Each structure stands twice: as C-alpha cells, then as structure tokens.
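A.B. asks: Just so you know, the protein sequences line up as chains A, B and C, in that order.
Using the working numbering, the first residue of the first sequence is number 1, and each one after it goes up by one.
Using the working numbering, the first residue of the second sequence is number 1001, and each one after it goes up by one.
Using the working numbering, the first residue of the third sequence is number 2001, and each one after it goes up by one.
Careful: at least some of the hints might be erroneous.
[Said to hold, decoys possible] Pairs of lysine-lysine residues, derived as DSS-like cross-links and limited to a Cα-Cα distance of at most 30 angstroms, are as follows:
{"id": "1", "chain 1": "B", "residue 1": "K1339", "chain 2": "A", "residue 2": "K107"}
{"id": "2", "chain 1": "A", "residue 1": "K107", "chain 2": "B", "residue 2": "K1010"}
{"id": "3", "chain 1": "B", "residue 1": "K1043", "chain 2": "A", "residue 2": "K132"}
{"id": "4", "chain 1": "A", "residue 1": "K238", "chain 2": "A", "residue 2": "K219"}
{"id": "5", "chain 1": "A", "residue 1": "K136", "chain 2": "B", "residue 2": "K1152"}
{"id": "6", "chain 1": "B", "residue 1": "K1008", "chain 2": "A", "residue 2": "K136"}
{"id": "7", "chain 1": "A", "residue 1": "K107", "chain 2": "B", "residue 2": "K1009"}
{"id": "8", "chain 1": "B", "residue 1": "K1248", "chain 2": "A", "residue 2": "K73"}
{"id": "9", "chain 1": "C", "residue 1": "K2260", "chain 2": "C", "residue 2": "K2064"}
{"id": "10", "chain 1": "A", "residue 1": "K132", "chain 2": "B", "residue 2": "K1339"}
{"id": "11", "chain 1": "C", "residue 1": "K2260", "chain 2": "B", "residue 2": "K1043"}
{"id": "12", "chain 1": "A", "residue 1": "K107", "chain 2": "B", "residue 2": "K1008"}
{"id": "13", "chain 1": "A", "residue 1": "K107", "chain 2": "B", "residue 2": "K1247"}
{"id": "14", "chain 1": "A", "residue 1": "K132", "chain 2": "B", "residue 2": "K1010"}
{"id": "15", "chain 1": "B", "residue 1": "K1043", "chain 2": "C", "residue 2": "K2293"}
{"id": "16", "chain 1": "B", "residue 1": "K1008", "chain 2": "A", "residue 2": "K125"}
{"id": "17", "chain 1": "A", "residue 1": "K72", "chain 2": "B", "residue 2": "K1248"}
{"id": "18", "chain 1": "B", "residue 1": "K1152", "chain 2": "A", "residue 2": "K73"}
{"id": "19", "chain 1": "B", "residue 1": "K1152", "chain 2": "A", "residue 2": "K132"}
{"id": "20", "chain 1": "A", "residue 1": "K136", "chain 2": "B", "residue 2": "K1248"}
{"id": "21", "chain 1": "C", "residue 1": "K2196", "chain 2": "C", "residue 2": "K2186"}
{"id": "22", "chain 1": "C", "residue 1": "K2194", "chain 2": "C", "residue 2": "K2107"}
{"id": "23", "chain 1": "B", "residue 1": "K1152", "chain 2": "A", "residue 2": "K72"}
{"id": "24", "chain 1": "A", "residue 1": "K125", "chain 2": "B", "residue 2": "K1010"}
{"id": "25", "chain 1": "B", "residue 1": "K1009", "chain 2": "A", "residue 2": "K136"}
{"id": "26", "chain 1": "B", "residue 1": "K1009", "chain 2": "A", "residue 2": "K125"}
{"id": "27", "chain 1": "C", "residue 1": "K2277", "chain 2": "C", "residue 2": "K2107"}
{"id": "28", "chain 1": "B", "residue 1": "K1152", "chain 2": "B", "residue 2": "K1009"}
{"id": "29", "chain 1": "A", "residue 1": "K136", "chain 2": "B", "residue 2": "K1010"}
{"id": "30", "chain 1": "B", "residue 1": "K1247", "chain 2": "A", "residue 2": "K72"}
{"id": "31", "chain 1": "B", "residue 1": "K1247", "chain 2": "A", "residue 2": "K73"}
Keep in mind that the hints were calculated from the coordinates and are not lab data.
Owing to the predicted nature of the structure, the values given are computational and were not obtained by experimental measurement.
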Amino acid sequence: MSEFSIQKVSHHFGDFPVLQDISFEIEKGEIFGIIGPNGSGKSTLIRAMSGLFTPDSGEILLEDHPLAQFSKKNLARRIAVLEQEGPAPLPFTVEQIVGMGRYPWLKPFADLSAHDHQMIENVLKNLELWDKRFQKVSTLSGGQCQLVSLARSMVQEPDILILDEPTTYLDIGHQILVMEHVRHWQLENKLTVIMVLHDLNLAGQYCHKLLLLDQGHVKKWGTTEEVLEETTLTQVYKTDLIKIKHPTLGVPQFLLTSR
Amino acid sequence: MKSVPHLKKKNLIILGLLFLLLLSVLLSVMTGSVHLPLGLTGKILLSHLPFLHLEPTWTIAQATIVWQLRLPRVFLALLVGAMLSSAGVSFQGILRNPLADPYILGISVGAALGAASSMIFFRHSYLGQFSIPLFSFLGGLLSLAFVLMLSKQRGQHDRETLILAGVVVQSLIGAFLSFLIAVSGQQMQEIVFWMMGSLANRSWSDVALLVPYFIIGILYLLLQERDLNVISLGERAATHLGMNVEKKKVGILIIGSLLTSAAVSVVGIIGFVGLIVPHLMRLVVGPDHRILLPVSTLAGAIFLLWSDTLARNLLNSQEIPIGVITAFVGAPFFAYFLKRSLRRG
Amino acid sequence: MSNKLLSFRRNTVSLFTLITVLILSLLTGCGTTPANPPANMDKAQSSETAVHTTYPFKITDDFKAEVTIPAEPKRIVSLVPASTETLYALGLGDNVVGVTKYDDYPKEALQKAEYVFEDSLKPNTEQILKLNPDLIIVGLQDEKTITAIRNLKIPVVQFNPQTLNSTYDTLLKFGQITNKQAEAQKLVNAMQQKEKSIEQKVAGIKDADRLKVWIEVDPNLFTAGEGTFLNELLLKAGGKNIASDVKDWAQYSTEQVIAKNPQVIFDTYSYYLPNVKETIFARPSWQNLDAIKNKRVVDLDSDMVTRPGPRIVDGMESIAKALYPDVFK
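Chain A extracted, bound-state conformation (with noise of 0.2 angstroms):
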C-alpha cells in the first residue's frame, strides 16, 4: 500500500485546465519531489494533496482512503505543510509560533500540556533555535523564519510533511541548512516528505523520487536518475541544460547555459 495515490486526477480553473489526467503513487518514507516550469501546476497539485480543496475528477488516496473523508484535524496530525513564503512578520515569539505546531493534537479548548512545552523545547534546541525562543518572528531574518516554520511542522508530529518551494526566498546557505534538517528529520522518523522544486540540483541531491509536469500533465515519474535527463528536460524547461555527474555525490547535477 502506497501513502498517497493519486489517480486521474484532473482541475480546471475556469476554462483553463490545471491539472490533466495525473497519476503516481508516493511510498512511505520516500523523499518525493516534483518539478516543471513556472505554471506547469505543481502548486496546484501540493494544494489538492494537501487538502485544500477537491479536484474536479480523480481520486487523491492517503493509506487507501479517499483524501476527502479525512476530518480536517485528522489530516493536520497526517500531514504538515511548509509553505514557501514562511509565517508572516507577526509580533508573536518564535516559541509561541512552534507552539501553534500543537494545535491539531490538542483538546478543544485545552492550553498545551508539559509535555507539548518538552516537545517545543526539543524541537527548537533541535534547530538551533533555543536562544532566539522569545525573540519576535518580525525581526528574524528569511532563513530564521523558514527554520521556525520548520520547527512548527516538526512539532506537529506529522507522518507527511509537504514542502512547497521550501528554498525559493533563501541564500545558498540556508538552503543547504533547511534541506539537510529536512533529510535528518525524515531519516529519524522516516517521514514521507513531498517537496515541490524549482532548483534541479537540489532535487538531483535531496529526492529519491520525482514527478516532472509539464502543463498540468506528467511529463515523467520515477527515480531522481531516471527522470533528470537531459534532453527532456531541456525540452520542458526551454532552455539549455547540461548534465553533469556531481564530483563527491555522484548524483545527477545541472549545469544553466547562457546564450
């Protein structure tokens, strides 16, 4: 049985079709990542995984249920999203936004509990968060706010995480930083994580698997080697690429060209 399913699946905004005819599976524990050019539809994709709201036609499965059927509170202790633009620039704390992470474990109307606070604790110690817990979130940097997003997935105890375009507002440093508290995590809990990518290399360096879409179709789906391949992609990004073989890893890497 695959964590997630995903059948047929088709959405039109409008006249305009998002989403055509989508399959793949997902397996659990994997590091999945889809890619395709601006407008291909892979937010729209993450958007209806995540739950957000139901395609047209198709069927999004999660362990063999229909997505539909979970209760919203169901699907948060399942699933955590990272959204690309990170919290907003709220006066809150850095350890008041991550206990928000709680929410869909507590009781209705419950305040969290010692052990949610250890748990917060761990987390943010984890990332190295600690010293900055009482800081306001507004004053933190793009990179610190992304890693506080983090820590709020990761205080959600999530069995998913979903990443859409995790890396789009960060430097090359935390980049790297973000991506490799992701894998950690994954590999301690064996997460599923789902990462929504616009930069090749580090799908070439993080996923095992990828989706590649072009115009709400699936161009590709398979292993990270079997889908970055040159030509197809040069095809689908319209623009030239080069493959070459990262020198320490070994994993597929791609080279931009100018005209």
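Let chain A serve as the given structure and place chains B and C on it in line with the hints.
C.D. replies: Frame of chain A, contents of chains B and C only:
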C-alpha cells in the same frame, strides 16, 4: 511545569485593570450635575447590600439619582465598552486587519436604518421602549447577512471580499438611510441624535437587555483565543493545522456582530472604542489573544466609562455627544503609544 | 310773529342743536379710549381720534427696519402662524393670500389662501412674487432669507414679541398697518381683561400652595428658563418654574429634574411626537417624582402657549386651569 512568565504577566495586568475598573466605577457614580457629598453616595450604595442596615440620611431624590440614574449608566458604559472592544479584537483577528473595527461590515448603518425605521414607521407599536432597540438590532444583523451572502464564493468568504462587501452594503444602506432622514421631517433630529450615540436616560432595563448578549458573546470569544492566534498565521496555514477556517470565521463574525448590534441598539453608534482600544492594547500587551482579548475587554469598559463620565459632566447639565469624547480621548493616547512602539522598532 | 311762535322756534332750534351735538359726540366717541394705554406706540396718532390709518403709513418693526406701507394692504402674505391668526382675528381672512403649512388656525386659513408655502424657513421667493402681495409678514426666518424677501421691494414687516405686553403692542401695530385699529384695540382689551382676571384669581393662592412645574419642550429635556415667554406665562398663571436657575432655552439633566421634584409636568411637543405623556410616565427613574405619583403630567397645546398672537392669553388660561383646576373652573 507551572505558569510560564507571560501568563503571570497576564494575571497581573488583569488584576490591575480590575482594580482600575472598580475605582472608576466609584468615581463615576460620585460625579454628576447634581452635587452629592461623597460620604452620602457611599452610604446610598452600601444601603443596597442585604446584610447592612443603614438609617437613610438621604432624600428619595438623592437615592434615585445614585441608584436609578448614575449606577445603571455606569454599568451600561462598562458593558458597551467591553462588548465593542472585544468585538473589535475578534474582527481584527479574524480579518487579520488591525484597522478593522466592529462596524466594518456595515452593522452600524444597518442598525441605524433599523432605528430610523422604528422611529418613523413603528412609533405606535406595542413594544414601546423596546421598539427601537429591537429594530436596530435586527437591522445590524440584516446588514451582516447581506455581507455574508454577497461575499460567498464557492462556500468560502474570502476576507478581502468580505471587507469589500461591507463597503458596498454600507454605501447602499447608508444611501437609503440618508434618504429616510431627509424626508423624515420631525423625526430628523431624533434620528440624527440617536446615531451620534448616547448613554443618556438609560435605565436598568437597558442594562438587562445587554447582559445576556454580553455573557454569551464574551464567553464564546474567550474560548476562541487560541484559534484567533492560529488564524494570524494565515488561512491556509490555519487549515493545514487542522482548523475549519470557514466555520470559525463565520462563527466569530456572527458573534462579534451580535455583540456589536446589541450594543448599538441600546446606545447608538459610538465610534473609536472598537478600533482604538484593541489596537492600543495590541501595542501594549502583544498579539497573543489569550492576553489581548481579556485585557481589551476590560480596557474598553474602563475607557467608555470614563468617556461617558466626561460626556455628562464636562458641561453643566448639557451633554456632549459621547463620540466626540471617545475621539478626543482616544486619539492622543493612541498617537503616544504608536510613536513609542515605532521608536522601539 | 306771536310770542308763542317765537318760543316754539327757539325751542325747536335748541332741540335740533342738542340732537346734532349729541349725534356728533356719539360719532366721535366711537374711538374708545383704552383703559391702560400700552407703552411704546411708535409714531401713533392719539387714541381719541386714531380710528383710521392714513397712508402712506410709516412704521418701525421689531428688527429696527423702517417700513412704509403705501396703501391699505389687500393682499397679505403671512409667513408666521401667529400673524396669520392675528390677521384673521382682525377680520382680514379674505386678504390673506399666502400662508405657511403650519398656519393651521383658524382652519380655513390653509384652505382660503391662494398658496401654502411648504418650507416656512426658506419660502420660495418666486412664489411670493407670483402672489403679487402688498404686504409680507416675516418672523424668525434667517437673515439671508429675510434680506432676499426685503429685496422684492414689497413692504416687509418682521415681528417677534416675546412677552405679553409686547404681544399686545404688536397686535395694535397690526391694527395700524392694516387699518383695523378699532378691531385690534377690541382684541387687545379682551385679552388684557382676561389676563387681569387670571391674575386676580392667582393672587388668592398662597405662595406655599403654588406648584413647582417642570416644562419640557423637547424629549432631550430642553426647557423654558428664565426670560422666556413660557416662563412669563407660567409665573403669571401662578406656577413656579423649577428651571428658574437657567436662562432662555436651556437643557436640564435628569438629575436636576429629579433633585427639584416638580409637582406638575408640562410638555409642549405632543403635536409632533405621539404618546408623550405615556413616555414620561414610563421613565423608570422618574417614578418617585410628585408629578408622576399624582399623575399630573399635562400635554400643553403648543400653539396656544407659544404663538404670540390672539390666543396667547387663552394659553395662559390653559396653564392656570391645569395647575389649579379648582380655582379656574
């Protein structure tokens, strides 16, 4: 693990505000256009306690002034201030807009239209003195209903659409109201006066009218504190954390509107309280609704009590419209705190 | 001629002369001298011979405007309800061609007029011109409006008496302006007579028995304080005004009314708001007032007690009757 530092701070602030509230009540009851000696007022108040037996050294008129005129007005000011500012907090939280106030969805014009209609068309109704509050209450809720209907899109109420719908409804109803006022003739003065907001000549029955709404509304909102915090992360994030955002949004909007409509139906449209007090408290105690909501509620009560006390005492025997006072008092306060928070960065 | 014939002729002539003198004296005696000549009769002709006005007639109105009336007015526009009442009382009903919609006494004023002005505060000047009047009477319209009306080059007089005596003056002035001096004098005499009789009856009421009154002219507790017309009427009718500590039209607070504990409450606004008495009776904090406990809340006919015209003393009488029904049966 016992109380976290910020919770201790919360209890301290609330205690301080409660003390200030009590003090304000005493001071307000002791002032008025007819001078009553301090000790006498105190005795009149105490005489209503069941176990105390005091010899009446005061006249019936004096007792009436304290007990039938000043005290109900004090309680009314506390209630209305609390209701408007807690509604303001909830609207600002749910719409994620610190400039939102309880009237943003057009409730005030709807209530005004209801009141005006009552004054013009239903004068002789057997409801008597409850006619105006009832109609204005219904008018306020009708506005909300229109706004919700107008902004519904695929089962969702997007917050920008809500605000825009509020603007539309406000303009439409406002135009109708202006027309009514223009052709109302004799009632014009009465309607305009009502709209300016006033606590004058209200009695215990008006207080009694508001108490159930206050209790229901405040209890509900206090239970939403945590949810209001989570909503500030954004609606998508809140959904991902398991909240039924639509249901929460509509629920809080309805309860906030209930509080507002009820308050407006009894005292007319008093501005500033629902916008400035929550905003001010946000600058002082921060965005955590678990502190912000109770603090704003108490602060709103105290603020309106002081405004009304000034409104009825500044000029001898003549009343200043309370909206003028709330603006004059609220604005400088707010400016000071705004400057201070900007300096802190 | 015989002596008998001479004495008969002498007697007849004397008789004739006597009769002629008698008739002449009767005719001249028609202009009766008023018992109390009113003060401030501007350029008035002496009372014994002033029966008819001679035109052109010059008069200074209440607002210091010097107006010349060229001829006896036949087409009068009255923009003041009190003036309309006065004109009708002087028998000039057929000459009132324009009135405002508030001129409801006598009833036929609204029907007889050729035009009824909807907006009494800013009457349509074109419409005034259309009526082709030879006299316009204004009152409390604003300065701009009155200036505009005066610019129509038609005689405009502005009156606003706010005491009984000045009301009598104004009525007599009306008589002069319209050549109805005899009628005006008769009217004023009757009013003064009534006033006197009320005063005499009031004099018999001891000070301690005089009732404390709260006059409410507006539901927001506006009252007629010291120096107002209503106040004068009330005092002359034997009442005491609890709001004597404020001047003119002032606002009282509920606390002040309760502290003063009035024995009678008058309201003057039941003509435009319904159920005024019931509303006042229902006020929760007022329940302990003497006036409420003894059920002495009275709707006053606002027109009768505020229009400075022929019915003002009737208004005063209505106040006296309301206060002391036993004395004023």
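A.B. asks: Give a verdict on every hint.
C.D. replies: Hints versus structure:
At roughly 40 angstroms between alpha-carbon atoms, K1339 (chain B) and K107 (chain A) are farther apart than 30 angstroms, so this suggested pair is violated. For a cut-off of 30 angstroms, the pair hint linking K107 (chain A) to K1010 (chain B) stands: about 22 angstroms separates their Cα positions. The suggested pairing of K1043 (chain B) with K132 (chain A) is violated, with an alpha-carbon distance near 56 angstroms, which exceeds 30 angstroms. Only pairs whose Cα atoms come within 30 angstroms are accepted, and K238 (chain A) paired with K219 (chain A) is accepted, the gap being roughly 14 angstroms.
Using a Cα cut-off of 30 angstroms, the hinted pair K136 (chain A) and K1152 (chain B) is violated, with the two alpha carbons roughly 35 angstroms apart. For a cut-off of 30 angstroms, the pair hint linking K1008 (chain B) to K136 (chain A) stands: about 19 angstroms separates their Cα positions. About 25 angstroms separates the Cα atoms of K107 (chain A) and K1009 (chain B), which keeps this hinted pair within 30 angstroms; it holds. Of the supplied pair hints, the one linking K1248 (chain B) and K73 (chain A) holds, its CA atoms being roughly 14 angstroms apart against a limit of 30 angstroms.
With a CA separation close to 40 angstroms, the supplied pair K2260 (chain C) and K2064 (chain C) exceeds the 30 angstroms bound. Between K132 (chain A) and K1339 (chain B) the CA atoms are separated by roughly 26 angstroms; this keeps the pair inside 30 angstroms, and the hint holds. The straight-line distance between the Cα atoms of K2260 (chain C) and K1043 (chain B) is roughly 21 angstroms, inside the 30 angstroms bound, and the hint therefore holds. Note on K107 (chain A) and K1008 (chain B): the hinted pairing holds, with a Cα-Cα distance of about 23 angstroms set against a maximum of 30 angstroms.
Taken as a hint, the K107 (chain A) and K1247 (chain B) pair is honoured in the structure, with Cα atoms around 18 angstroms apart against an allowance of 30 angstroms. Straight-line distance between C-alpha atoms of K132 (chain A) and K1010 (chain B) comes to about 22 angstroms, which keeps the hinted pair within the 30 angstroms bound. In summary, the hint linking K1043 (chain B) to K2293 (chain C) is supported, as the alpha carbons are separated by about 26 angstroms, within the 30 angstroms threshold. For the proposed pair K1008 (chain B) and K125 (chain A), the alpha carbon gap of about 24 angstroms is at most 30 angstroms, so the pair holds.
A hinted pair counts as satisfied when its Cα atoms are at most 30 angstroms apart, and K72 (chain A) with K1248 (chain B) qualifies at roughly 13 angstroms. With a C-alpha separation of about 24 angstroms, the suggested pairing of K1152 (chain B) with K73 (chain A) holds against the 30 angstroms cut-off. Note on K1152 (chain B) and K132 (chain A): the hinted pairing is violated, with a Cα-Cα distance of about 41 angstroms set against a maximum of 30 angstroms. As the CA atoms of K136 (chain A) and K1248 (chain B) are separated by approximately 26 angstroms, the hinted pair is consistent with the 30 angstroms bound.
With a C-alpha separation of about 15 angstroms, the suggested pair K2196 (chain C) and K2186 (chain C) falls inside the 30 angstroms cut-off, and the hint holds. Restraint check: the Cα-Cα separation between K2194 (chain C) and K2107 (chain C) comes to about 24 angstroms, which is no more than 30 angstroms; the hinted pair holds. For the hint pairing K1152 (chain B) with K72 (chain A), the CA-to-CA distance comes to about 21 angstroms; that is within 30 angstroms, so the pair holds. For the suggested pair K125 (chain A) and K1010 (chain B), the alpha carbons sit about 27 angstroms apart, so the restraint of at most 30 angstroms is met.
For the proposed pair K1009 (chain B) and K136 (chain A), the alpha carbon gap of about 17 angstroms is at most 30 angstroms, so the pair holds. Note on K1009 (chain B) and K125 (chain A): the hinted pairing holds, with a Cα-Cα distance of about 25 angstroms set against a maximum of 30 angstroms. Pair hint K2277 (chain C) plus K2107 (chain C) holds up; C-alpha atoms about 26 angstroms apart against a cutoff of 30 angstroms. A threshold of 30 angstroms between alpha carbons decides the hint, and for K1152 (chain B) with K1009 (chain B) the separation of about 41 angstroms lies outside it, so the pair is violated.
The suggested pairing of K136 (chain A) with K1010 (chain B) holds, with an alpha-carbon distance near 18 angstroms, which does not exceed 30 angstroms. Of the supplied pair hints, the one linking K1247 (chain B) and K72 (chain A) holds, its CA atoms being roughly 12 angstroms apart against a limit of 30 angstroms. In summary, the hint linking K1247 (chain B) to K73 (chain A) is supported, as the alpha carbons are separated by about 14 angstroms, within the 30 angstroms threshold.
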